[in-house]
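Visitor: Chains as they are written, first to last, in the UniProt record's numbering: chain A, 1 to 430; chain B, 1 to 430.
Please keep in mind that the hints were generated in silico from the structure rather than gathered at the bench.
All values derive from a computational prediction rather than experimental measurement.
Check before you lean on any hint, since a few could be wrong.
Since the list gives no way to pick out one identical chain from another, each pair is judged satisfied if it fits inside one copy or across any two copies.
Said to hold, decoys possible - Lysine to any residue pairs mimicking SDA-like chemistry, simulated, CA-CA at most 25 Å apart: (1) Lys-226 - Asp-333; (2) Lys-16 - Glu-29; (3) Lys-226 - Glu-42; (4) Lys-226 - Tyr-349; (5) Lys-119 - Asp-55; (6) Lys-226 - Thr-396; (7) Lys-226 - Gly-334; (8) Lys-226 - Gly-133; (9) Lys-226 - Gly-173; (10) Lys-119 - Pro-11; (11) Lys-226 - Ala-330; (12) Lys-226 - Ile-339; (13) Lys-226 - Asn-149; (14) Lys-226 - Ala-338; (15) Lys-16 - Ala-348; (16) Lys-226 - Ala-293; (17) Lys-226 - Ala-341.
Protein chains: 2
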Amino acid sequence: MAIEVPPGYEPLGEEKVAAFLAAVPGVPERLGGGPADWSVREVGDGNLNYVYLVDGPHGSVCVKQALPYLRLVGEGWPLGLQRAHFEQLATHVVAPHVGRAVPQILHYDPTLFAIVMEKLSPHIILRRGMVAGTRYPRLAAQIADYMANSLFHTSDLALPARRKKELMAEFCGNWELCGLTEEVIFTQPYMVHPHNRWTSPQLDATAARVRADTEWKLAAARLKLKFLASPEALLHGDLHTGSVMVTADDTRVIDPEFAFFGPMGFDVGAMLGNLWINFFAQDGHATAESPRAEYQDWVLETAEAVWTGFRERFLALWRGGATGDAYPAAHFDGDPDAIRALEAERQAYMDRLFIDSLAFAGAKITRRILGIAHNIDLEWIADPDLRALCETRCLTLARRLMLEPGRFRGIADVSAACRSIRSEVRTAGL
Amino acid sequence: MAIEVPPGYEPLGEEKVAAFLAAVPGVPERLGGGPADWSVREVGDGNLNYVYLVDGPHGSVCVKQALPYLRLVGEGWPLGLQRAHFEQLATHVVAPHVGRAVPQILHYDPTLFAIVMEKLSPHIILRRGMVAGTRYPRLAAQIADYMANSLFHTSDLALPARRKKELMAEFCGNWELCGLTEEVIFTQPYMVHPHNRWTSPQLDATAARVRADTEWKLAAARLKLKFLASPEALLHGDLHTGSVMVTADDTRVIDPEFAFFGPMGFDVGAMLGNLWINFFAQDGHATAESPRAEYQDWVLETAEAVWTGFRERFLALWRGGATGDAYPAAHFDGDPDAIRALEAERQAYMDRLFIDSLAFAGAKITRRILGIAHNIDLEWIADPDLRALCETRCLTLARRLMLEPGRFRGIADVSAACRSIRSEVRTAGL
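Whenever a hint applies, use it, and build me the whole structure from the sequences.
Guide: If you want it as structure tokens, here you go:
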């Protein structure tokens, strides 16, 4: 391998996973039997790492190992192994607050940059379920809860400043994955870049128009600056529908290797933006046997419930647990007027966070259509003309979200915009 | 000493400074003669450290040593020695950009937490000069230049994200001095706290009114949150008129031990707020022999020139040297429309920074009248009634700056407010 790796590191490969696990405290007991009885299967369909599912006679585990390059591109794009460290660190920081919304980590090997964690079963990736048109009635509430708890409890509203600075300093070390986000979300989609791709030739003129759209580029740059310099809370950093695993009852958030202290709206917007992509993509998956109109209603309702649930839960946490150094509780525990004024301040805070979230959602949508990494929601639409039409609708929403997020007075306005864009945009290309 | 210190640390004391310097490379040559020929004088009149001026037959140096407690309060308020590390680190980071606006550091001793630097001579502390009514014709331009260069070159507009994160991580270690700022500027002045003091009894009712003023406290809390979570650039962190040394021609910025990555408006506002305090304080120093009306004009003109000079210089740096990761240059180097739009974006950025600066200026003024640390500008007004009147005018401005900074359309509006407050507020007490 041309890429340098630290001493002791080697990619495990399916054949070495069992031997590795045999020496991890507690894991042989969990799996049952011996290494010869364990089946190992590589399942990573993400862009970055290898993921092994290991089943034994008694139980299962999942092993995730970082590779010294970006899997999506290959060895031509080296990428530090430290992302595994930050993934397990982020999980340890948020787990006390989000409970079983994140997988339980059983072991971390800092030499192999490998995380051994519980295998989520029978969960599937949310994005796959939503492309198949499956409803998840508890999804919105559980994601809202995860976001509110992870973001609130790592913000200045809950953390003492010293502790927050200690954590922030550590996550500053995750500069490489932050840099990846800065490039592939906020920079490359707005310029000619060899990594970009789009549905061609249908969207060739659209991509060129975006690259020439100064207002759009300024909005992206403004968001990039916010991403760079607004450590409001510990973000998941890549909270799309591909980072969530679900059953009918259960929602679990995986893959926080992009974790760092950043603007909360980036996480919230990632989730919302990916739901709205799914809404527009359904028209590419509808068939006579599987009409998707009602499912689309469910997707919009889910996005609404994600936001309203998040807002309510976050506010409840703030009202009940403002143990951080911002907004000193002692200053506002007096008369009813002070309590009312603080509540108005909280509402204004959430209004600003809503606007941030919409703008970041727009950026997340745009990158999935014009940048390097695309979604199966759209990719799996076989007819390129139909796909380009769905993508054009996505971009129409994305531009409004990025340029004028403040014109949406509430989350229902975004649902209304989605519906009207769907009925009004009838041809591919902006 | 009851306070624990690291092995090898001891306060130097005047008697040990010469022996310490004798072993510092280059310093004996600079001073000339031998230790017995060197005179040592402790001159620290600040709140935190000991400062020794050392003169030899050929030259001079200054030695600044951190004590393990807050000098202003005594051993009852322990304070980490690391602040000396951050002071020399901050100086090393900004020196390449601000040149001789900061003292040259000759040596840093990490065991004694002692900095050996050039002795500034015949410079005096700006605040003392301004209390005496001395004009400094080059002050505004030189401070504006220092602020623009130090802030621009450590921001995301100039620094690559990785480098900024590395520096940010290091300065997160300065949590203790950041915490001091959070407490004494944004928290304590707005509550009953044993460290607070004010001109009593003249301002007793005023202090109580501030503590009951929910809007004022919310404004302070909002600024505190910005202070906690907006690492826009490497701040000096304590940029008042007591941290500047001057001659008629030369302006030097000292004492950056509070340095950290924070909101630029905090530095700019510290400077402006302290100039406006001086404006109001002049009425307490005017005599028949030394009328101060024209000097007050000069102070307001200076504040205006500080802001306009800072704004122009910062914009010029941005136009010419946007090497950072925010606002990717490649996105905006195209047609004249794009260039115009980016320029409008820059102007809007500076407008927001102006509003931030005014609000932080208000917080800095308030803390100097109701908090722990006061200014000689006001303290040296012997007549408490007159002092309380000047302080009331300061607080009147401060409240407007903090609560409605956006109503000031330009820096001249603040000068106008200063003048009208001075003529309209005729009795002590808000």
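Visitor: Within a copy, between copies, both or neither: which one fits Lys-226 and Asn-149 at a CA-CA cutoff of 25 Å?
Guide: both (22 Å within a copy, 21 Å between copies)
Visitor: With identical chains, the pair Lys-226 and Asp-333 could be close in the same copy or across copies; at 25 Å between alpha carbons, which is it: within, between, both, or neither?
Guide: between (32 Å within a copy, 22 Å between copies)
Visitor: What label fits Lys-226 with Ala-341 when the C-alpha limit is 25 Å: within, between, both, or neither?
Guide: Result: close only across copies, 19 Å inter versus 27 Å intra.
Visitor: Under a CA distance limit of 25 Å, which applies to Lys-226 and Thr-396: within one copy, between copies, both, or neither?
Guide: within (23 Å within a copy, 33 Å between copies)
Visitor: State whether the alpha carbon distance between Lys-119 and Pro-11 is at most 25 Å within one copy, between copies, both, or neither.
Guide: within (20 Å within a copy, 58 Å between copies)
Visitor: Checking an output row: Lys-226 and Ala-293, CA cutoff 25 Å. Within, between, both or neither?
Guide: neither (36 Å within a copy, 44 Å between copies)
Visitor: Given identical chains, is Lys-226 near Ile-339, meaning Cα to Cα at most 25 Å, within a copy, between copies, both, or neither?
Guide: This pair counts as between: shortest inter-copy Cα distance 21 Å, intra-copy 30 Å.
Visitor: Using 25 Å as the alpha-carbon threshold, which applies to Lys-16 and Ala-348: within, between, both, or neither?
Guide: neither (54 Å within a copy, 57 Å between copies)
Visitor: At most 25 Å between C-alpha atoms: does Lys-226 with Gly-334 qualify within a copy, between copies, both, or neither?
Guide: The answer is between: 24 Å across copies meets 25 Å, while 35 Å in one copy does not.
Visitor: With identical chains, the pair Lys-226 and Ala-330 could be close in the same copy or across copies; at 25 Å between alpha carbons, which is it: within, between, both, or neither?
Guide: between (30 Å within a copy, 19 Å between copies)
Visitor: Given identical chains, is Lys-226 near Tyr-349, meaning Cα to Cα at most 25 Å, within a copy, between copies, both, or neither?
Guide: both (16 Å within a copy, 12 Å between copies)
Visitor: Could you figure out if Lys-226 and Glu-42 sit no more than 25 Å apart (CA to CA) within one copy, between two copies, both or neither?
Guide: neither (37 Å within a copy, 45 Å between copies)
Checked against the numbered hints above, the structure violates hints 3, 8, 15 and 16; every other hint is satisfied.
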